Amino acid sequence: EAQVTQNPRYLITVTGKKLTVTCSQNMNHEYMSWYRQDPGLGLRQIYYSMNVEVTDKGDVPEGYKVSRKEKRNFPLILESPSPNQTSLYFCASSRSGDGRGEQYFGPGTRLTVT
Amino acid sequence: GENVEQHPSTLSVQEGDSAVIKCTYSDSASNYFPWYKQELGKGPQLIIDIRSNVGEKKDQRIAVTLNKTAKHFSLHITETQPEDSAVYFCAASTSGAGSYQLTFGKGTKLSVIP
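Those sequence lines, one after another, are chains A and P.
Sequential numbering of the first sequence, starting at 5, is according to this note's numbering.
Sequential numbering of the second sequence, starting at 1371, is according to this note's numbering.
Derived from the structure by calculation, the hints contain no laboratory data.
Misleading hints may appear alongside valid ones.
As the list claims (entries may be wrong) - Only pairs whose alpha carbons sit at most 27 Å apart, straight line, appear in this in silico DSS-like list of lysine-lysine: (1) P:Lys1476 / A:Lys69; (2) P:Lys1441 / A:Lys61; (3) P:Lys1441 / P:Lys1392; (4) A:Lys61 / A:Lys21; (5) P:Lys1427 / P:Lys1479; (6) A:Lys21 / A:Lys73; (7) P:Lys1412 / P:Lys1479; (8) P:Lys1428 / P:Lys1441; (9) P:Lys1412 / A:Lys69; (10) A:Lys75 / P:Lys1412; (11) P:Lys1428 / P:Lys1392; (12) A:Lys61 / P:Lys1407; (13) A:Lys75 / A:Lys22; (14) P:Lys1392 / P:Lys1427; (15) P:Lys1438 / P:Lys1392; (16) A:Lys61 / P:Lys1412; (17) P:Lys1412 / P:Lys1428; (18) A:Lys61 / P:Lys1428; (19) P:Lys1476 / P:Lys1438; (20) P:Lys1438 / P:Lys1407; (21) A:Lys69 / A:Lys21.
In this text the structure is predicted, and so the values were computed from the model without any measurement.
If we strip away everything but chain P, and leave its shape as in the complex, we get (with noise of 0.2 Å):
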């Protein structure tokens, strides 16, 4: 099956700074590449996503690359504030006929330092 590596785990940054997160999947097959917040005590809340026919897609302060060729993804966030603070999750999809599946990283705790 799919398997999604994360990076880092943990990501400390300073109040307006850019922060990078990174992720690799081993299934050339997915081609859905979302990415989730998780705020203390909520569920998960989509953010932004990917499909494998574009290579970048932006919103605001938020962007996500992607490299099929390498099979890695990343989201960057510029601009950071506090309320960027959270855990990050990326995912990709595996999908054969008739399924649906969808495997996360393990995430990173992203903590911005006002």
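Okay, chain A solo, but in the shape it has when bound (with noise of 0.2 Å):
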């Protein structure tokens, strides 16, 4: 089955104490993203990948890291979490190396940091 999928699906954890939230998709697409969705804010932008090993920052990177070392992987690396950064991540992919066309979202991963 074609899927986008991250995880750990829910995760708790403390200030400082550093994180990676996986994300792998089997559809041999180009373009990979991540998102986080806030109450009132909507969808904003992270980071995104045209390509392997070729990154570029979204809307609100800062606090976030990303690496594409495979074509199929795409993990969120969070070096000192804060508060502010809980939220629900969403990892996205897409055909297209340029995202135009269907972005396949994954099931989100809700985030709390304490």
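Reconstruct the complex from the two isolated chains, following the hints.
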């Protein structure tokens, strides 16, 4: 089944403890992206990648890192999480390298930082 | 960067009536405008998209119109059904040399009353 998977789905952590949210797609898509969703703010793009080893900042990249060493994986890294990073995170992928066209979203990761 | 405004934030309609959601964007260079539907507990899913060389696009009960001069685009849902109840997001693409970014509106919660 074609899909985008994220792990974990739920995570509660403490301030400053490094964490990684994994994202994997099995559709051989060129483009991958991370978004955060907050009440009243909609979806905001954190980082995106147009191809392996190519990443770029979105609207809210502060406090996050990403890497794209393989085409299928695009992990989101929080080196020192803070409470303002408590949010619902979505990974997405798209066949087109420029992201135009349908983006397939994962199921989401709900992160709470205390 | 791009700014997308979406209205209304909530919308209630009777089953069978039409629903209209409107978005405006700021960057005149934007040329790709998708609409996503998000059901409770799930990731967003593309329902329709339009490119700047087209003024209108229709897919069964869903249509999108684009006015590039005024920099606004709208989603029209006719003959609404209870399963249309969800949060809808508009988005606009911003691109530069070798980059691509998708900016979302804040969302509209549509409730279809049986």
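Hints, one by one, checked against the model:
A distance of roughly 24 Å separates the Cα atoms of Lys1476 (chain P) and Lys69 (chain A); the hinted pair therefore holds under the 27 Å criterion. For a cut-off of 27 Å, the pair hint linking Lys1441 (chain P) to Lys61 (chain A) stands: about 25 Å separates their Cα positions. Between the alpha carbons of Lys1441 (chain P) and Lys1392 (chain P) the distance comes to roughly 11 Å, so the proposed pair stays at or under 27 Å and holds. About 23 Å separates the Cα atoms of Lys61 (chain A) and Lys21 (chain A), which keeps this hinted pair within 27 Å; it holds.
Using a Cα cut-off of 27 Å, the hinted pair Lys1427 (chain P) and Lys1479 (chain P) holds, with the two alpha carbons roughly 22 Å apart. The suggested pairing of Lys21 (chain A) with Lys73 (chain A) holds, with an alpha-carbon distance near 24 Å, which does not exceed 27 Å. Only pairs whose Cα atoms come within 27 Å are accepted, and Lys1412 (chain P) paired with Lys1479 (chain P) is accepted, the gap being roughly 14 Å. Taken as a hint, the Lys1428 (chain P) and Lys1441 (chain P) pair is honoured in the structure, with Cα atoms around 19 Å apart against an allowance of 27 Å.
Of the supplied pair hints, the one linking Lys1412 (chain P) and Lys69 (chain A) holds, its CA atoms being roughly 24 Å apart against a limit of 27 Å. The straight-line distance between the Cα atoms of Lys75 (chain A) and Lys1412 (chain P) is roughly 24 Å, inside the 27 Å bound, and the hint therefore holds. Taking the CA atoms of Lys1428 (chain P) and Lys1392 (chain P), the gap is about 16 Å. The hint holds against a cut of 27 Å. Note on Lys61 (chain A) and Lys1407 (chain P): the hinted pairing holds, with a Cα-Cα distance of about 25 Å set against a maximum of 27 Å.
The suggested pairing of Lys75 (chain A) with Lys22 (chain A) holds, with an alpha-carbon distance near 24 Å, which does not exceed 27 Å. For the hint pairing Lys1392 (chain P) with Lys1427 (chain P), the CA-to-CA distance comes to about 15 Å; that is within 27 Å, so the pair holds. Taking the CA atoms of Lys1438 (chain P) and Lys1392 (chain P), the gap is about 13 Å. The hint holds against a cut of 27 Å. For the suggested pair Lys61 (chain A) and Lys1412 (chain P), the alpha carbons sit about 25 Å apart, so the restraint of at most 27 Å is met.
This hinted pair checks out: Lys1412 (chain P) and Lys1428 (chain P) have alpha carbons roughly 25 Å apart, not beyond 27 Å. Restraint check for Lys61 (chain A) and Lys1428 (chain P): not satisfied, since their Cα atoms lie roughly 33 Å apart, outside the 27 Å limit. For the hint pairing Lys1476 (chain P) with Lys1438 (chain P), the CA-to-CA distance comes to about 21 Å; that is within 27 Å, so the pair holds. At most 27 Å may separate the alpha-carbon atoms for a hinted pair to count; Lys1438 (chain P) and Lys1407 (chain P) meet this at roughly 23 Å.
At roughly 14 Å between alpha-carbon atoms, Lys69 (chain A) and Lys21 (chain A) fall within 27 Å of each other, so this suggested pair holds.
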